[in-house]
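Fit chain P to the given chain U structure using the hints.
Residue numbers (my numbering), protein chains in the order written: chain U, 170 to 446; chain P, 12 to 234.
In case anyone wonders, no lab produced these hints; they're calculated from the structure. It should be emphasised that the depicted structure is a prediction, and the values quoted were computed from it without experimental measurement. Any given hint might turn out to be false.
Unchecked claim - Below, computed lysine-lysine pairings styled on DSS-like, alpha-carbon distance capped at 30 Å:
id: 1; chain 1: P; residue 1: Lys22; chain 2: P; residue 2: Lys170
id: 2; chain 1: P; residue 1: Lys22; chain 2: U; residue 2: Lys331
id: 3; chain 1: P; residue 1: Lys61; chain 2: U; residue 2: Lys293
id: 4; chain 1: U; residue 1: Lys331; chain 2: P; residue 2: Lys170
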Amino acid sequence: MTTITDVGTPTPVTACPVPSPRARWTVRIIGISAAVGVALTVWLGLWVTPPDQTQGDLVRLVYIHPGVAWVALYLAFGLAAVASLLYLWPRTRSMFWDRLAAASVEVGVVFNICTLISGSIWGKPTWGVYWAWDARLTLTAILLVLFLGYMALRRVPADPEKRARRSAFVALFAAVDIPIDHFSVLWWKTLHQGATVLNPDLSPTIHGSMAWTLLISFVALTLAFVWMLLVRYRIGVIEDWLAANELDVALLERQSEGVAPAPDLGLERPPVPEGAR
Amino acid sequence: MWRDTVLVAGKDLRIEARSRVALSQVAPFGVVALVMFAFALGPDRATMAKGAAGLFWVAVLFCTVLAVQRSVSVESVDGARDGLRLSGLDPAGLFLGKAAAVAAQLVVLEVVLGVGVTVLYGARIEAPWLILASCVLGTIGLAATGTLYGALSAGLRVKETLLPFLLLPIAIPVLLAGTRIWQAALAGGVPADGTPWLRLLVVFDAVYLALGVVVYGPIQESA
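One chain only, chain U, in its complex shape (with noise of 0.2 Å):
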């Protein structure tokens, strides 16, 4: 049997950087808070509000779709959107925004997705077609693509330093486009009923338990929004990280295995720094 004795030093790994206690501690809660918000949204929304005298069942809808769309179109985006502008203004430049943009976009296609697809849903039965090719539909549309673009462009292995500025400057120039998409949706062509809750005087046109579940839908789905982006930015850090120190792992993980006793036909993994996994 033979052994290698000499496999060298182990290289040192910077340990990848572990939240706080209580910064675990507030994501848990936010998610829990966020699954008991849409759990009660769920429960009112099919089974405690009443049906609507004109479009009966179909109005449940309203619980899910103006949510994600809030979510989507103007938190995650307009997120995204700021977050670009400040990393690229030089005196708040820093990852911290890079990555919240990153986030914050990834989270945004997800509910941007989810707005189509609840939409669709709506639309057959009320409009008579899956898609319409009005101006709020056909702006959403455009969103997506914008924004599927950007993270095509993180997805370009790049030196993070570079990435995160061409990121930036492709969420700048799609932010900008917006409002002109907006106006040149708009006068192409409308269909879409105009806004229920954020409507120019600021009174809801719906009521009674139908209003407060509407409420709560669009704070559990904030809710569902800020913890998915808190966690989708914990990875971004560790791929940071893994992306900075990955041949230093796999070198460690090498040279642990000379040293190691591998009588166990080599089933059981080295053991890997804190951090790694």
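What follows is chain P alone, placed relative to chain U:
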């Protein structure tokens, strides 16, 4: 800045004059696209005349992608991009120069495609000034956005596939506005008022020209 603009535009146009890539490849591609559209819409000339406005602009957009890719690729070898950055030219001038060169090529292309649309689809121009205005404004917008995204994608290995994906959605307002204006200007099309769309194009152009002048320098550093 203006001197640099003229220098850079002159450089790119001289390269084009000697290589004839836009004239011998991009313009024929545009014509091929028009023929393909005709096959897709069937031999009915009325349908084709109705779609002429939109098809013209879609063809222009596709050709813009090619023209921008060419504009980037002339500087991708022999460290030409680093050379340009070292030359001390004003980044704003560099941006305007590259955009002007792309715009000049697009104008020639639009003339070819415009003739193609009238001949192949039987579209009749009723308001030439609207056609002219939309082409000038649309070209400026496409050249500005194209040059910006071209610079952003310059250093990437996947730029050929990424550029159209990034550029075409951004250019949607130009497509919508151009199409509506042309519909207003062509006989037998959808009746539409062109003036709000012309204003929209002016805003689009102003926004992206201003952005380009300000951020082209930092963009170059990220390539």
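Exercise for review: Quickly compare the C-alpha distance for Lys22 of chain P and Lys170 of chain P to 30 Å and report which way the hint goes.
Suggested key: With a Cα-Cα distance of about 23 Å, the restraint between Lys22 of chain P and Lys170 of chain P holds, given a limit of 30 Å.
Check your understanding: Are Lys61 of chain P and Lys293 of chain U close enough, with their CA atoms no more than 30 Å apart?
Key -> At roughly 29 Å apart (the allowed maximum being 30 Å), Lys293 of chain U and Lys61 of chain P satisfy the hint.
Practice item. Assess, step by step, whether the Cα of Lys22 of chain P is no farther than 30 Å from the Cα of Lys331 of chain U, and give holds or violated. Key: Roughly 28 Å between the alpha carbons, so the hint for Lys22 of chain P and Lys331 of chain U holds.
Review point. Are Lys331 of chain U and Lys170 of chain P close enough, with their CA atoms no more than 30 Å apart?
Key: Holds, because 15 Å separates the two Cα atoms, which is no more than 30 Å.
Hint violations for this structure: none, all hints satisfied.
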